[in-house]
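Trainee: One-letter residues, chain by chain:
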Amino acid sequence: MPLSAEDVKALRRQWRLSRVLVAPVSLVVAAVARFYFKYRLDENIEALRADIWAKLDQHDGPVIWAANHLTLIDSFLVFWAIFPTRRLLEDRRIPWSTPEYTNYYKLGGPMQSALLRGLLYLCRCIPFLRGGEDAASETWRQKAFDKCAWVLREGGSVFVYPEAGRSRSGWLEPKRPKDFLGKLALEVPASKFLCVYLRSERQIATTACPPKGDRLRVVAELVNGALPGESNPRDISQRLFDRLASMQQEWWKGSDMARNCAGNDVVDLKGPLLRENFSDDLSAADQEWLERHLTKRELESLQSLGPASLFRGFWRFFCAKEACHKALGRAVIVVPNGAFHEIEVDLFRRKATHIPTGLQLDIRFTDDDEDKLHCVAVLRGGYIGDDETEGDILWTVGEVPAGTSPGAFVRDLAVDFIASTNDEIGTSSRLALTENSGLPGVLWRGAAQDWSLSLSHSGRFAAASFMIS
Amino acid sequence: MAFMRKQAVVAAVDLNTITPEDAQSRITAGVKKYATNEANYAAADANTPYLGHIVGMGIESSNLADITMSIERQFLTTMTARVPLSEGSSEYKLAAGELGKLRILDGQDALAATPGLSVKMLMDLGHMPKNDAYLEKVMSFAYVMATGDGWKMADALKKMAGKAEKLAGSERAEALVNLKTLVAQAQAYDALLADPSKLAASKAAGYQNDKSGFEALNSELALTLDKIKGVSAGGDAAALAKFRGEEAEIRTRLKMSAAKLRVSQEVSEAAGLRRKVEDKTVAEVRAALKDSAALAETLS
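Top line first, the protein sequences correspond to chains B and D. Position one of the first sequence corresponds to residue 1 (this note's numbering), numbered consecutively onward. Position one of the second sequence corresponds to residue 1 (this note's numbering), numbered consecutively onward.
Bound conformation, chain B alone (with noise of 0.2 Å):
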């Protein structure tokens, strides 16, 4: 659907009038980030632009700007990392942005949103409206993006996260590609993508901002954008979330933090201690004591299964919570005993969200029969996977011989399992356990690994969990 006239004279008025407010907003931004936020950027960030703008140099074409999201004001952190003072004059590589209409145009009182609204047509904003189904806001979406295409077409730059929105897990997942890049770089085939990782080192979950006083690490690359004989939106967009994958590989490597989050937990249907609150059909329970683990929510869609699964929906539950609780601690998220509460699970759409931080997790349950549960569950480092594709997670369940501790027995377990896995290790005896901060976890060759190894027991049975990524 081409722009009107009047759509164009707009957007070229909108192009006109920002230059004008181009240099100042720029140094404001910059003072904020350093001054009131007390952000620093990394030592290396003067080479990394260099060898940017080295390329961008070499590329007379449109460019596409495509960056992870984590919190609100992403956009402008990444503006400061990447555009130099000194090239402020090069107006069409100063990017158009595209803020979600709900959460920026209707800010405050009358007063502050004309100011924010004015503010955001001088930076350049075309509004997105990511919500509702309905003909409107299709037509208002469409819009957008032929907007994005004029501007790209005439030669222009615009920022676009490629997510559509903040990451919920903190981690930019490339299993799961949006069309809306690919479709624009086939739009206009002269761009190239401008692909950005930008993230905080403390920054854990998504956030309205990145921790004050926090160092910003980034890692920057120009990228082809539609390629000859590329002609769907959906191998461009895999082929751009892989690319941003790798970086954020490359990211993590200069991290503190683990990168590999996942955890397991097993739990055995026939254990006499899981059936006390309940009746001796197991149709029923002690409402009081699933009231102390399933938040209302849960309780709801618990009852929504009927009697005849209440006992085995429970200890569903229950089994995805712990995975969460492991996996959660991997990330310095640490949910006390008993906590219940603060992970909310959805066995429906396989997740789980960590209330305090809203952080969500995938989850699958590996193991579901008469006998037992096991569930893992994935924060951030891979890929949990489903039945038709493969994850970055592996998984043992094994019954643990009578008259075996099943500490003992699970940790030999864990071990035996990895070494079985990689060629490379091959024998169990290369491998050695290790305990940090409560936390499981694997030396190889001295060093320790960041595998993510979770391990459970429970009555008949043991189960271990690592992640490949």
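Not one of these hints is a red herring.
Pairs of lysine to any residue residues, derived as SDA-like cross-links and limited to a Cα-Cα distance of at most 20 Å, are as follows:
1) D/Lys211 / B/Gly329
2) D/Lys137 / D/Glu269
3) D/Lys180 / B/Ser437
4) B/Lys296 / D/Ala248
5) D/Lys198 / B/Ser437
Residues on chain D that point at chain B, a partial pick, calculated with CB under 10 Å:
6) Lys152
7) Lys163
8) Ser219
9) Ala233
10) Arg253
By construction, these hints were calculated from the structure, which means they are not laboratory data. In this text, a Cβ means the ideal position worked out from N, Cα and C, and glycines have one as well.
Given the structure of chain B, go ahead and fit chain D onto it with the hints provided.
Mentor: Frame of chain B, contents of chain D only:
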């Protein structure tokens, strides 16, 4: 429908009529059926963790709520009057009232990792009189966790040394490389336990994480309130309802985040304030770490 919790029926006693020691022994007796490490359970005192197998009672996390409910069943309290936290709120706190069933509210048991800490929780919440002499014998939650980690580390090192001893050739050489790292970790942890200020500094990182999370949530709330203000004028009922829902969600998150912050703050502060009762256990853990390291160093 009657639910048989399959436990013996116990007559609940008024917490104001018994000693802390009596409360402790009743609490310990109440969790017997969940303890899977019989030896540790039999020798349990105020500072024996409910969870864990090395020094703990071996209670599984699936029975954590049962511990709290077992405590509730055994005691009566005068803190029974429900006072709403705010007007019209379904959430409440407990205040002095008629003698009745003990109720431990959501999150109040977050630090009750041992029988002694459960008694401390009852005192802190006003269910029984504070007894400083008793509390002197109760290890803080921070030290229960810190020493627990030390026991696990010493145990892992000892087991690895035992395994390496049986190996030969290149396998033994590779195992010894790992063992060397484990020894270094044990020695580093020993040094950490030796200095309360260092231990406090290590716990402060967790507190700082929680604090920045709490601050970030407050920023999110301020932003959502701004959004509500913005759409209120326009009369967009659907958007208003959406943002009101967002506000309620953030407030719930803030409440939990504040509770979490209190726990990490207490852990961070208590780690720097080591008392006599903690000195003894810390010394035992440090000795175990040193013994395991010495055993590992004899291998070559």
